[in-house]
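Colleague: These protein sequence lines are chains A and B, in that order. Mapping the first sequence onto our numbering, position 54 (from 1) lands on 54, and the numbers just tick up by one. Mapping the second sequence onto our numbering, position 232 (from 1) lands on 398, and the numbers just tick up by one.
Note that these hints are calculated values from the structure, not bench results. Every residue, glycine too, gets a C-beta built ideally from N, C-alpha and C. A hint or two may mislead.
[Unchecked claim] One-sided and incomplete, this derived list gives chain B residues near chain A with beta-carbon spacing under 10 angstroms:
(1) Lys292
(2) Ala294
(3) Gly317
(4) Arg318
(5) Val345
(6) Pro470
(7) Tyr522
(8) Thr523
(9) Lys527
(10) Asp528
(11) Pro530
(12) Arg531
(13) Thr534
[Unchecked claim] Negatives, chain A to chain B, calculated, CB over 12 angstroms:
(14) Leu27
(15) Arg29
(16) Gln64
Given next are the chains, with one letter for each unit.
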Amino acid sequence: MSQSADWYIVSALVENKPGVLFRITNLFRARNFNIESITVGLTEQKDLSRMTITTKSDEKTLDQLVKQLRKLIDVVEVKVLDLDKAVYRELALIKMKAVDPTTRSEIMNYANIFRGNIIDIGKETITVEITGTPDKIDAFMNLVEQYGIAQLARTGVCALPRGVEL
Amino acid sequence: MVEMTGAKALIHALEKEGVDVVFGLPGGANLPIYDALVGANLRHVLVRHEQSAAHMADGYARIKRKSGVCFATSGPGATNIITGLATAHADSIPMVAVTGQVPLAMIGKDAFQETDIIGISNPCTKYAFQPRQAGEIPDNVKKAFYIAESGRPGPVLIDIPKDVQQATADMKFPDLIKVRGYNPIVDADLSEVGRAVELILKAERPIIMAGGGVILSGAFAELQTLAELLMIPIVTTFKGKGAFPENHPLAMGPIGMHGHPEANKIIIEADCIIAIGARFSDRSVGRFDEFGKGMSIIHMDIDPAEIGKNKSVDVAIVGDVKSSLRTLVKLLTKKVVKKEADNPWLKRRKELISYYTENLKDYPREITAKKSLKKLRELLPAAGIVTTEVGQCQMWASLHFDVISPGTFFSSTGLGTMGFGFPASIGAKAARPNVPVVDIAGDGSFNMTENSLAVSVLEKLPVIVFLMNNYMLGMVAQWQRTFYNRRYSGVHQHSCPDYVKVAEAYGAQGIRAQSMAELEKAIKTAIKSDVATVIDIPIDPDEDVYPFVAPGTGLKDMITGA
Numbered sequence: 001m002s003q004s005a006d007w008y009i010v011s012a013l014v015e016n017k018p019g020v021l022f023r024i025t026n027l028f029r030a031r032n033f034n035i036e037s038i039t040v041g042l043t044e045q046k047d048l049s050r051m052t053i054t055t056k057s058d059e060k061t062l063d064q065l066v067k068q069l070r071k072l073i074d075v076v077e078v079k080v081l082d083l084d085k086a087v088y089r090e091l092a093l094i095k096m097k098a099v100d101p102t103t104r105s106e107i108m109n110y111a112n113i114f115r116g117n118i119i120d121i122g123k124e125t126i127t128v129e130i131t132g133t134p135d136k137i138d139a140f141m142n143l144v145e146q147y148g149i150a151q152l153a154r155t156g157v158c159a160l161p162r163g164v165e166l
Numbered sequence: 167m168v169e170m171t172g173a174k175a176l177i178h179a180l181e182k183e184g185v186d187v188v189f190g191l192p193g194g195a196n197l198p199i200y201d202a203l204v205g206a207n208l209r210h211v212l213v214r215h216e217q218s219a220a221h222m223a224d225g226y227a228r229i230k231r232k233s234g235v236c237f238a239t240s241g242p243g244a245t246n247i248i249t250g251l252a253t254a255h256a257d258s259i260p261m262v263a264v265t266g267q268v269p270l271a272m273i274g275k276d277a278f279q280e281t282d283i284i285g286i287s288n289p290c291t292k293y294a295f296q297p298r299q300a301g302e303i304p305d306n307v308k309k310a311f312y313i314a315e316s317g318r319p320g321p322v323l324i325d326i327p328k329d330v331q332q333a334t335a336d337m338k339f340p341d342l343i344k345v346r347g348y349n350p351i352v353d354a355d356l357s358e359v360g361r362a363v364e365l366i367l368k369a370e371r372p373i374i375m376a377g378g379g380v381i382l383s384g385a386f387a388e389l390q391t392l393a394e395l396l397m398i399p400i401v402t403t404f405k406g407k408g409a410f411p412e413n414h415p416l417a418m419g420p421i422g423m424h425g426h427p428e429a430n431k432i433i434i435e436a437d438c439i440i441a442i443g444a445r446f447s448d449r450s451v452g453r454f455d456e457f458g459k460g461m462s463i464i465h466m467d468i469d470p471a472e473i474g475k476n477k478s479v480d481v482a483i484v485g486d487v488k489s490s491l492r493t494l495v496k497l498l499t500k501k502v503v504k505k506e507a508d509n510p511w512l513k514r515r516k517e518l519i520s521y522y523t524e525n526l527k528d529y530p531r532e533i534t535a536k537k538s539l540k541k542l543r544e545l546l547p548a549a550g551i552v553t554t555e556v557g558q559c560q561m562w563a564s565l566h567f568d569v570i571s572p573g574t575f576f577s578s579t580g581l582g583t584m585g586f587g588f589p590a591s592i593g594a595k596a597a598r599p600n601v602p603v604v605d606i607a608g609d610g611s612f613n614m615t616e617n618s619l620a621v622s623v624l625e626k627l628p629v630i631v632f633l634m635n636n637y638m639l640g641m642v643a644q645w646q647r648t649f650y651n652r653r654y655s656g657v658h659q660h661s662c663p664d665y666v667k668v669a670e671a672y673g674a675q676g677i678r679a680q681s682m683a684e685l686e687k688a689i690k691t692a693i694k695s696d697v698a699t700v701i702d703i704p705i706d707p708d709e710d711v712y713p714f715v716a717p718g719t720g721l722k723d724m725i726t727g728a
């Protein structure tokens, strides 16, 4: 996954009403755009949602993606975020097999280092919550792969421009 | 505020938009709308298949340059208009389609004649509404027309659940409307126009490539002013055919797969292309990577997403091409040095035209596509409207039928919809009843919507079907001859049906023209006729369309004959 030179975050404000997500994802499919993640959620204005899209693409394709998005009637604003001037985070829930005490303490240790939280622990599994850039989550995944990842859920990236830029 | 039902509000809102005719077919889910039509101040044209309703609305829209309107019921009625919506979408035609839907509570229950038409129509509409309350209808209709007609035009769907049609509400009909996420650019950025001026003045062999956008915005006079100011050759795309009088001393006709040979030739010799309301489609430019190489390209279009989509350009002028052309002409007038009509670049134009006129031979038979279309041109008044079907007939029309009066030639150029031409011609006739309207047809395409003869006859919208009949799906047959070693597969239609009898069965006039003399007589009779006329013209099934730029090749690889 994630943050190479051809990796972009597109942030869009869209009408908060039924069918909007469908229109946008249908556009991506029809135009052959390759989307890595997409998140949608409420904003400070209750009739608008913010959609954050991450994509790996060349500049020409990105330009088309932005223009095609802008063409949609329900899309109010589209921006490609400058990664140096933006904050972005992803959340991941990682459930690992962990029966023996050594493994368990190792995982808890790693989770601590990554400022993760242990959010569930059972007889055979541990579930860790990690928040950060996609790279950070990738790094944690690399580290704990050896224990066997039973289940994984990543949210996709959520982002805002830094400071006063609106 | 007036209290009325949703259906009544729909009709009232349509009347307020100035709609004078709707094309449609009723069914269970739009009964309230049809009930509200009784006594309404608009004409309803009953079709025989909903696809044709959409094509008629399309033909009407192309003439009026405002939305055509069609009605269909839910389920199959709604899916039947999809081809018409996709056709309009591909050609950027304003249209408002109103479908009935099952009642709100039944949506999602797989009810009888329920279909998710909002979902199905998504890729082929500019937008779609589904009012959930009757009170939303006036607002939705106003927005639908605004979205359909402004910016880059396109079809908009309004899908109204039956109970929403029946419900009453206090209706407020807005005069002005805003759509937050939709702000089409009208006036171009002046600095971009300035850069275009520099490029044009620097160029030695500039050429205008006019597309469908010129016709959509009605920028005929502006285009002609620009061409005559610069005194440079002007080619069109196929969709732009008729954006400029084809008998004008600067005109060179359409480029493309079956473009005029001189047009395909001259555009690759140019050093600056002024593309106006054109989208560099594969059918027009051949290979994206090859077209325009080493030339400067100025791209004027209303749709920002067209800039750089198929072709990277040097200057992009985003805005309504009519307004952009005015600005461009204004800036150029101050700077341009008037060229002589016999400058080398225009001499080259003449040279190419006479070369191909001499060297491209027609087939030896008495009646050929070329000869019949030249005859039609000779007899049809300049203001006459021509639509085409799709296939060989369409490409022959492009090659051999010169459009004299701008904005009188229409074809399904983007989607390439067989069956489009005939219903579109009926829609055009409804929009402009006082001029003759001709559908240049082939047998394959005409078959698809020929039942619209009933509409033409009963609604007294007489059009002429100029049927070049080669008993074949001719374009497919031509490709099978060219690329599949004459292995014919699924192309023979034989002599079925007898089109003269078909016409007569509907109460129309059928004439078979087996000689040029008979053809001349038939055309004259048809132009004078007050019922629809089908002229059945036998064409040799082996007749091909040339020149031909094979798919995947560039304009320079044009084949001029077998």
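Colleague: Next step is simple, just say for each hint if it's right about the structure.
Modeller: Structure-based check of each hint:
Look at B:Lys292: its Cβ gets to within about 7 angstroms of chain A, closer than 10 angstroms, so that hint holds up. Taken as an interface hint, B:Ala294 checks out: its beta carbon lies about 8 angstroms from the nearest beta carbon of chain A, inside 10 angstroms. At its closest, the beta carbon of B:Gly317 sits 9 angstroms from a beta carbon of chain A; the interface hint therefore holds under the 10 angstroms criterion. About 8 angstroms separates the beta-carbon of B:Arg318 from the nearest beta-carbon of chain A, less than 10 angstroms, and the hint is met.
The interface hint given for B:Val345 holds, since its Cβ lies 6 angstroms from the closest Cβ of chain A, which is under the 10 angstroms cut-off. Interface restraint check: B:Pro470 against chain A, minimum CB-CB distance 5 angstroms, threshold 10 angstroms, status holds. Evaluation of the B:Tyr522 hint against chain A yields a violated restraint, the C-beta minimum of about 37 angstroms exceeding 10 angstroms. For B:Thr523, the interface hint is violated, since its Cβ never comes within 10 angstroms of a Cβ in chain A; the closest pair sits about 41 angstroms apart.
Annotation: interface hint on B:Lys527 violated; nearest CB of chain A at approximately 44 angstroms, more than 10 angstroms. Hint on B:Asp528 is violated. Least Cβ distance to chain A is approximately 42 angstroms, over the 10 angstroms limit. The restraint placing B:Pro530 at the interface with chain A is violated, with a minimum CB-CB distance near 48 angstroms, outside the 10 angstroms limit. This hint is violated: B:Arg531 has a C-beta 45 angstroms from the nearest C-beta of chain A, more than the 10 angstroms allowed.
Because the closest C-beta pair between B:Thr534 and chain A is about 41 angstroms apart, greater than 10 angstroms, the hint is violated. A:Leu27, annotated as away from the interface, has a beta carbon of chain B within 12 angstroms; the closest lies near 8 angstroms. Not every CB of chain B is more than 12 angstroms from the CB of A:Arg29 (nearest about 9 angstroms), against its label as outside the interface. With a least beta-carbon separation of about 6 angstroms from chain B, A:Gln64 fails to lie farther than 12 angstroms from that chain, contradicting its non-interface assignment.
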